[in-house]
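Produce the complete structure using the sequences and hints provided.
Protein chains: 2
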Amino acid sequence: MNNWSAPAQQALVTVPDWVQSLVNWQQPYPDDTAKMTLAIELSRQNVLKKTGGPFGSAIFDRASNQLLAVGVNRVLPLHNSTLHGETVAIMLAEQRLAAFTLASDTGRELFTSCEPCAMCLGAVLWSGVNRLVCAGTAADARAIGFDEGPVFNQSYQYLQNAGIEVVRGFMQNQAKAVLDFYASSGGTIYNGRNG
Amino acid sequence: MNNWSAPAQQALVTVPDWVQSLVNWQQPYPDDTAKMTLAIELSRQNVLKKTGGPFGSAIFDRASNQLLAVGVNRVLPLHNSTLHGETVAIMLAEQRLAAFTLASDTGRELFTSCEPCAMCLGAVLWSGVNRLVCAGTAADARAIGFDEGPVFNQSYQYLQNAGIEVVRGFMQNQAKAVLDFYASSGGTIYNGRNG
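One line per chain: the protein sequences are S and Y, in this order. Sequential numbering from 466 applies to the first sequence in my numbering. Sequential numbering from 466 applies to the second sequence in my numbering.
Because the hints were derived from the structure by calculation, they are not lab data. Heads up, the beta-carbon is just placed ideally off N, CA and C, and yes, glycines get one too. Heads up, some of the hints might be wrong.
Below, a list of computed lysine to any residue pairs in the SDA-like style, where the Cα atoms sit at most 20 Å apart [stated by the list, open to error]:
| # | chain 1 | residue 1 | chain 2 | residue 2 |
| --- | --- | --- | --- | --- |
| 1 | S | Lys515 | Y | Ala564 |
| 2 | S | Lys514 | Y | Gln474 |
| 3 | Y | Lys515 | Y | Gly610 |
| 4 | Y | Lys514 | S | Gln475 |
| 5 | S | Lys514 | Y | Gln475 |
| 6 | Y | Lys514 | S | Lys515 |
| 7 | S | Lys515 | Y | Ala563 |
| 8 | Y | Lys514 | Y | His544 |
| 9 | Y | Lys515 | S | Ala563 |
| 10 | Y | Lys515 | S | Gln474 |
| 11 | S | Lys515 | Y | Gln474 |
| 12 | Y | Lys515 | S | Ala564 |
| 13 | S | Lys515 | S | Ile609 |
Cβ-to-Cβ under 10 Å is the rule here; a few derived chain Y residues that face chain S [to be verified]:
| # | residue |
| --- | --- |
| 14 | Asp497 |
| 15 | Leu533 |
| 16 | Pro542 |
| 17 | Val589 |
| 18 | Ser620 |
| 19 | Tyr655 |
Structural data, given as structure tokens:
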């Protein structure tokens with residue numbers, strides 16, 4: 466075959482430049498409130514800056530409380546349906562560590578502004594984090610038209626059986642407010658089958 | 466904060482160079498057998514070339530039968546737990562089309578050498594393909610130690626309810642042989658929590 470006609474065989478995953486002015490790589494984030502406040506603020510700024518959907522995530526080292534990586538939804542701007550807040554944060558954390566898993570003796574935790582969709586729930590399992598903290602609920606996302614896919618109570622049970630602590634509904638109202646703002650400001654509700 | 470200390474904020478997703486000598490971007494793949502043979506051969510070559518885990522996928526346009534993109538598992542070499550065969554193929558197909566969904570009037574189909582894990586099953590839904598054909602089973606992957614995550618009968622039902630035709634077990638033996646070869650040749654069984 467002719468190589469000249471081969472399509473480009475790469476995809477680049479990035480977060481927007483504005484992220485750097487929002488995060489603190491040096492100082493620890495002392496508690497769950499500080500950590501989730503960052504995840505939700507990432508979701509809010511992603512809407513305001515029009516750089517993706519209303520979802521943000523942040524991954525921390527549990528021993529030091531230091532930020533390892535952040536992610537925001539990049540589906541529309543990067544033409545990539547797999548780039549939810551959680552998957553982007555996981556990819557960037559693993560790049561930073563040059564490791565295929567975030568598992569460690571003391572553990573890592575993922576804070577997300579909304580409960581993970583089916584894809585991201587699986588990605589959390591493969592990431593090696595041992596704590597997942599969620600703000601908005603799947604119902605909050607569905608209320609503005611986002612599909613969450615096949616996520617069941619047994620799905621969360623599976624993660625817990627694998628040793629992952631799961632916290633849901635923490636600071637839910639603040640996260641839900643961002644989702645509702647996105648919808649009321651005319652944000653695109655993208656699902657795979659209606660594109 | 467000091468920008469100099471900010472970690473790299475990108476991840477690059479690629480397939481190995483050898484892929485180009487295996488695929489045909491010009492000629493259609495006439496039937497399911499030709500399409501799945503490619504997906505399985507991608508999985509086999511990925512083991513032989515030691516460029517990732519024993520999983521391959523290919524996405525086709527259903528009207529023209531032409532190849533849109535391929536993917537192989539890249540978890541270990543690219544330090545990225547989200548890069549399974551299916552997600553890589555989906556990302557590259559969307560990059561090629563410069564679109565966040567593969568949905569089209571005539572449809573696209575994803576052939577995968579093994580039933581998708583929980584993450585990839587969700588990713589298939591968001592990709593916009595309307596046909597999923599699987600060779601090896603989740604049980605085949607579990608038999609050599611791979612975790613498949615929370616995938617249930619209702620998960621497949623959810624995809625079918627969303628309009629995705631699902632075929633499972635097509636050319637299963639050929640795909641299972643690659644999984645078994647990977648295990649018997651000492652391939653790393655990577656799961657998130659044992660990294």
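Worksheet item: Looking back at the hints listed earlier, which ones does the structure fail to meet?
Response: As far as the earlier hints go, 6 and 14 are violated by this structure, in ascending order.
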